[in-house]
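Chains B and L are the protein sequences, given in the same order.
Its first residue numbered 133, the first sequence is counted upward by one per residue in this note's numbering.
Its first residue numbered 14, the second sequence is counted upward by one per residue in this note's numbering.
In case anyone wonders, no lab produced these hints; they're calculated from the structure.
A virtual CB, placed ideally from N, CA and C, is assigned to each residue, including glycine.
Hints may contain errors.
Stated by the list, open to error - Pulled a few chain B residues facing chain L out of the computed Cβ check, cut under 8 Å: (1) G160; (2) V263; (3) G273; (4) I367; (5) S368; (6) D369; (7) G370; (8) T393.
Said to hold, decoys possible - Computed far set for chain L versus chain B, every beta-carbon distance over 12 Å: (9) I26; (10) A52; (11) P55; (12) Y71; (13) R99; (14) A109; (15) E129; (16) R132; (17) Q148; (18) S210; (19) Q223; (20) S228; (21) A238.
To be verified - Estimated spans, in silico, between C-beta atoms of each pair: (22) B:G380 to L:E110: 29 to 37 Å; (23) B:Q193 to L:L74: 27 to 35 Å; (24) B:G242 to L:R165: 42 to 50 Å; (25) B:S381 to L:A47: 37 to 45 Å; (26) B:S182 to L:S228: 36 to 44 Å; (27) B:P315 to L:R17: 51 to 59 Å; (28) B:P344 to L:E110: 54 to 62 Å; (29) L:R17 to B:G242: 49 to 57 Å; (30) L:R209 to B:S381: 36 to 44 Å; (31) L:D233 to B:R134: 27 to 35 Å; (32) L:P163 to B:A294: 53 to 61 Å; (33) B:A262 to L:A240: 19 to 27 Å.
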Amino acid sequence: MRGALEVISPGLFTTVQDRGRIGYQDVGLPTSGPLDRISLRLANALVGNSPDTPALEMLIQGPALKVLARSVRVALVGCNARIEVRSGTARTIAAGTSVRLSRDDIFRIGNLGDSICAYLAIEGGPDVPAVLGSTSTFVRGAIGGFDGRRLQKNDFVPLKLADSSERAEATLPCTLDLALDQPIRVVLGPQADCFTADAVKTFLASAYTVSPQADRMGYRLAGPVLAHVKGHDIISDGTVTGAVQVPGSGQPIVLMVDNQTTGGYPKIATVISADVPVVARRRPGRAIRFVAVEVSEAVALRKAQEAALQQASEEIAKSFHQ
Amino acid sequence: MSARFLPAGDTAIVVEFGDRIDRSVNDRVLRLSAQVRAANLPGVVETVPTFRSLMVHYDPLVSDSASLIAAIEKLLDSGGEENAPRKLWRIPACYAESHAPDLSEVAQRTGLSTEEVVRLHRDTRFHVYMIGFVQGYPYMGDVPRALVLPRRPDPRVRVPAGSIAIAAGMTAIYPIESPGGWHLIGATPIRLFDPRSLRPALLSPGDAVQFEPVSAHEFDTIRTAVAADEYSVPCEMTMT
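Chain B on its own, in the form it takes in the complex (with noise of 0.2 Å):
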């Protein structure tokens, strides 16, 4: 028999995803995939997962389910929460440790505290059929995932695997620093000249606010208002995960995943591919700072980035033999 999750509470907004549906944006569908691709790629590791494997990504508050499998190994990454287990042996387990559990426990994870999305993987993953090359769940368009669907009360989320693996549990080699404080590094334009001169400075000069407005399609910020040159309509054009737009009400909004792949608002400046994870966790009411840096810094800092992932992934896998 194949093993399953019995979802007992959903949480707020609880969806499958892997990396990334690749190769439809002309044809207008966002890539979607995981908010916080650092996260779901260690909790990947921490299972034994490779970094393709779907995982659960939970928005504000995660859900409770319950095994009915042998057992599942799970770990939770991109929060400070903990996973607590409320049957069989009662506990918890630290975000960043993978753990396993057995038939009919119950396990939840409750609100996701400091961040705003975080990761459970499960070994081996969900069993749902890719969508145009990818399992991640497109909400808006009903694609992919669980039925195209976030998880509701009573879905039974089947796993790959009936079974998982005797070994020791893995930790992450060092904390996830969740960088709640560090300023958010962008790339000016694709149209900042549709801005005015002071408006890019105070664009660069202020704290914004993330506002309750924050989805997998954009997040929107609260702050000093950015005034364009000439109107706030351009011809639309292509946009990129991590565009700051900014529509008529002067006040941004930072594109995530779930993006329209094309839009009718200038975007003054851009957030570099290595930072897009650490806006993504950023929950409503916490402050972003912007700062400018050029294509090529940004690009090796995503390679630095990649190195670290890399290595952090090795070592985890290490663990596994030891």
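Chain B is already provided as a structure; the job is to place chain L on it using the hints.
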């Protein structure tokens, strides 16, 4: 036609050919898109053509913007000017009142009869400039001058899938139910986006579209056939 390169962070470059919506500008965008795809440049993940610019998405772990810009400049210099034949889709459209909630208002605001609005729309061969907004949503132009209206001041929260709409000199079809601010002047029973297919979008940028009027009864017949995967949209090749 000179190009301007704009950075979109460290994962995309915008190649911009102008600041207007124009067939010749869009043709240049589409040609470069095909060239970049054919060139298989290392690190290029995908290209997204829009009205007047091409977005080239790349993987910063494989390539960087300076070498991509150099490679794209070479492609621009080598650019062939000939237009390839393109697909002409004949899309069934029901303009009956039951399927066209804004038709009489559009007639009123343009000073035309509803019959004239329909005739102008169905007699125009449209060009698919780009796909965006939601999956499979085609921005098609150009709408005859007499039918050019601004978007509705009060966008609808829900526009049914299949709605045919006009606004701001463009016409479009809503592939899925979504919010929308365009004027709904008809509906099509066909599927514009099918995630089961490896080429999920019916229309591609650069295709041509002509609407073929059908009755409400024919609309229902076609819709039933579409649901059973027993209908394909008539398509031919054209040079214009």
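Evaluation of the provided hints:
1. G160: 4 Å, holds
2. V263: 5 Å, holds
3. G273: 5 Å, holds
4. I367: This interface hint holds because 5 Å falls under the 8 Å limit.
5. S368: Because about 6 Å separates B:S368 from the closest Cβ in chain L, which is inside the 8 Å limit, the hint holds.
6. D369: 5 Å, holds
7. G370: 3 Å, holds
8. T393: With a minimum Cβ separation of about 5 Å from chain L (threshold 8 Å), the hint on B:T393 holds.
9. I26: Incorrect as stated: the minimum Cβ-Cβ distance to chain B is 9 Å, not above 12 Å.
10. A52: It holds; L:A52 is separated from chain B by about 16 Å at its closest Cβ, greater than 12 Å.
11. P55: The assertion about L:P55 holds, with a minimum of 14 Å to chain B.
12. Y71: 10 Å, violated
13. R99: 16 Å, holds
14. A109: L:A109 is indeed farther than 12 Å from all Cβ atoms of chain B, at 28 Å.
15. E129: 29 Å, holds
16. R132: Its Cβ never comes within 12 Å of chain B, the nearest being 29 Å, so this holds.
17. Q148: 4 Å, violated
18. S210: Answer for L:S210: violated, closest chain B Cβ roughly 9 Å.
19. Q223: 21 Å, holds
20. S228: 30 Å, holds
21. A238: For L:A238, whose nearest Cβ neighbour in chain B is about 23 Å away, the distance exceeds 12 Å, so it holds.
22. B:G380 to L:E110: 29 to 37 Å: 35 Å, holds
23. B:Q193 to L:L74: 27 to 35 Å: 34 Å, holds
24. B:G242 to L:R165: 42 to 50 Å: 44 Å, holds
25. B:S381 to L:A47: 37 to 45 Å: 38 Å, holds
26. B:S182 to L:S228: 36 to 44 Å: 54 Å, violated
27. B:P315 to L:R17: 51 to 59 Å: 29 Å, violated
28. B:P344 to L:E110: 54 to 62 Å: 42 Å, violated
29. L:R17 to B:G242: 49 to 57 Å: 50 Å, holds
30. L:R209 to B:S381: 36 to 44 Å: Holds - the Cβ-Cβ distance for L:R209 and B:S381, about 39 Å, lies within 36 to 44 Å.
31. L:D233 to B:R134: 27 to 35 Å: 41 Å, violated
32. L:P163 to B:A294: 53 to 61 Å: Holds, since L:P163 and B:A294 (Cβ atoms, about 59 Å apart) stay within the stated range.
33. B:A262 to L:A240: 19 to 27 Å: 24 Å, holds
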